[in-house]
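Q: Each chain is listed here by its residues.
There are 2 protein chains.
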Amino acid sequence: MSNEELSVVGIGNAIVDVLSHTDEVFLVQENLTKGTMALIEEDQAEALYAKMGPGVEVSGGSVANTIAALSSLGSSAGFIGKVATDQLGDVFSHDMKAMGVVFDTPRLEDGPPTARCLILVTPDGQRTMCTFLGASVWIAPADIKPELIAAAKVVYLEGYLFDRSRAKQAFRQAAEIAHKAGTRVALALSDMFCVERHREEFQDMVLNHVDILFGNESEIKMLYKADSFEDAVYAVQENCELAVLTRSEKGSLIVAPEQRIEIAAEPVPRVIDTTGAGDMYAAGFLHGYTQDKPLEICGRMAAITASEALSHLGARPQICLAELLEEKIGNAA
Amino acid sequence: MSNEELSVVGIGNAIVDVLSHTDEVFLVQENLTKGTMALIEEDQAEALYAKMGPGVEVSGGSVANTIAALSSLGSSAGFIGKVATDQLGDVFSHDMKAMGVVFDTPRLEDGPPTARCLILVTPDGQRTMCTFLGASVWIAPADIKPELIAAAKVVYLEGYLFDRSRAKQAFRQAAEIAHKAGTRVALALSDMFCVERHREEFQDMVLNHVDILFGNESEIKMLYKADSFEDAVYAVQENCELAVLTRSEKGSLIVAPEQRIEIAAEPVPRVIDTTGAGDMYAAGFLHGYTQDKPLEICGRMAAITASEALSHLGARPQICLAELLEEKIGNAA
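Line order of the protein sequences matches chains A and B.
Residue numbering for the first sequence follows my numbering, beginning at 3 and increasing consecutively.
Residue numbering for the second sequence follows my numbering, beginning at 3 and increasing consecutively.
These are computed hints drawn from the structure, not numbers from a lab.
Heads up, some of the hints might be wrong.
A pair counts as met if it fits within one copy or between any two copies, since identical chains are not told apart.
[Unchecked claim] Below 20 Å or equal to it, Euclidean Cα-Cα: the simulated SDA-like pairs (lysine to any residue) are:
1) K99 / K182
2) K99 / L255
3) K53 / P143
4) K295 / E260
5) K53 / K99
6) K182 / P271
7) K53 / A237
8) K53 / D92
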């Protein structure tokens, strides 16, 4: 695949998820806030893993999930992210390439191991995440290949990268390259606590550098210190050209300068695990967006794509998403 | 947990499964026979993995799956098997211990990596397996702890161990220890081609050393070179005290000296993946058997336990099996 054909290039953490079913009591015992992501160090990760139930390992990482899903939808996509030279690094790399994603960031030698995210799934399907960032934050400006970004219609950046300065530097560099090349910049707010940690920088980023913002209700409220979702929507409409705001079972809202479009959630027989639903939503939206579909269609594609992730453990699609879209909306896709 | 309380100790390959959805064409291209297990070397495993789609990693191993499920059912269980000192070895060990299984076989240092089984799942839910045995066949007589086997009601042996001489030696030693200690010996035939490779040894084993035999239709027919299932049933009834024969959607047949009991399959809304269904069946049966339940109840428990494995990718239970049994058959469990 030539880089010139890329729809979206993602830059984010390269993580393998370890998913395990648990109950609410365990979250309380471990002092974890349900539905959020906490950063942990390697020794904490080992201690928590030892207490967790049996797991299922699936490649993850928020933007990486979106990129994998874009590929499954039939969009050409690339990813920039850092794994180590270990077995989990093999798993992550394999899964990206097997999806047809252009992924050739050099691996980290002699550093921390590949990042992993311990994901505790409660009976309501909600996921609570503890991430050991390991090798993934060793992504550096040298890993940002300008020609890859310049060749893409959209570069999709992970908010989580703001948590480490080297990664943040790579992030900013990618945005600059994109601006010069006419590549649109999309940003995932990632997590409400991540937004809280870097609120001012995110506000500046959204106002001056971001063309498409992805976030959920709590993230967008946190970004603008808004008491209500309505206030947050008003703020983002002033600040950003296009915002795509997910609201779980309430569906989502697409916010453009002159319009707000409500998208209904796609019904799901039984929610097994919400891990990656937001990432899949972004994939469906960007798949439509990069094909210049009307925003309503982009939103509908997003809702359908997100629904697939809810039906199984793990974020990565377990069926061909292009076929799912074809089945659900036929020619509109 | 004291070893004296163990219901079942399993001895088998310690494997991490890599599951991936595929189509029939891929199986043909790779010269694989659907529904069977092929042994492959490390370089073949790497070549096949590179061609496979994205995967989900879940601890596996036939007898190891049964032991994990027994623990989930509330039976006390132990496992003897060999992993390497690598990340997949960490995953396997964690998952066993997290299930509450007694597992302390020393890991292999400076040898091949932890075994992995590449599992290709076709749209009909059938699985086709290619196993790189790696560290798992380095299990040796020294790993067979006599006190563990002597303390258990049943020792459950994996037919696949016959594929390597060192492992086979460990297998025979375990059977001898069991006989002396009054521990009953159960054997899983594992795979029709495995049975074909070692037919005479298996026949001798079943006749002289096995108290409970587990197999499916094609395995039992292969064992006795029988043209029909009925002929195979006749042969096994002459040769073994108790045989438990699974027949996919046709349910199963329990064969005792004076009786044959047909057990209906538990209905499953949609079969996602048959990986581990036979292993889960053995778990449900042994759970009842070690509690001296009537054979009909053992069979019913087995059918319910097997049904859970069909509903998701991977063999290991994703819900508490004790709760599932309680819900389905209440006090009878």
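Q: Work down the list of hints and note, for each, if the structure agrees.
A: Outcome of the hint check:
{"no.": "1", "hint": "K99 / K182", "result": "neither (28 Å within a copy, 54 Å between copies)"}
{"no.": "2", "hint": "K99 / L255", "result": "neither (32 Å within a copy, 45 Å between copies)"}
{"no.": "3", "hint": "K53 / P143", "result": "neither (37 Å within a copy, 31 Å between copies)"}
{"no.": "4", "hint": "K295 / E260", "result": "within (17 Å within a copy, 70 Å between copies)"}
{"no.": "5", "hint": "K53 / K99", "result": "between (33 Å within a copy, 10 Å between copies)"}
{"no.": "6", "hint": "K182 / P271", "result": "neither (45 Å within a copy, 53 Å between copies)"}
{"no.": "7", "hint": "K53 / A237", "result": "neither (42 Å within a copy, 48 Å between copies)"}
{"no.": "8", "hint": "K53 / D92", "result": "between (26 Å within a copy, 14 Å between copies)"}
In terms of the numbered hints stated before, the structure departs from hints 1, 2, 3, 6 and 7, listed from lowest to highest.
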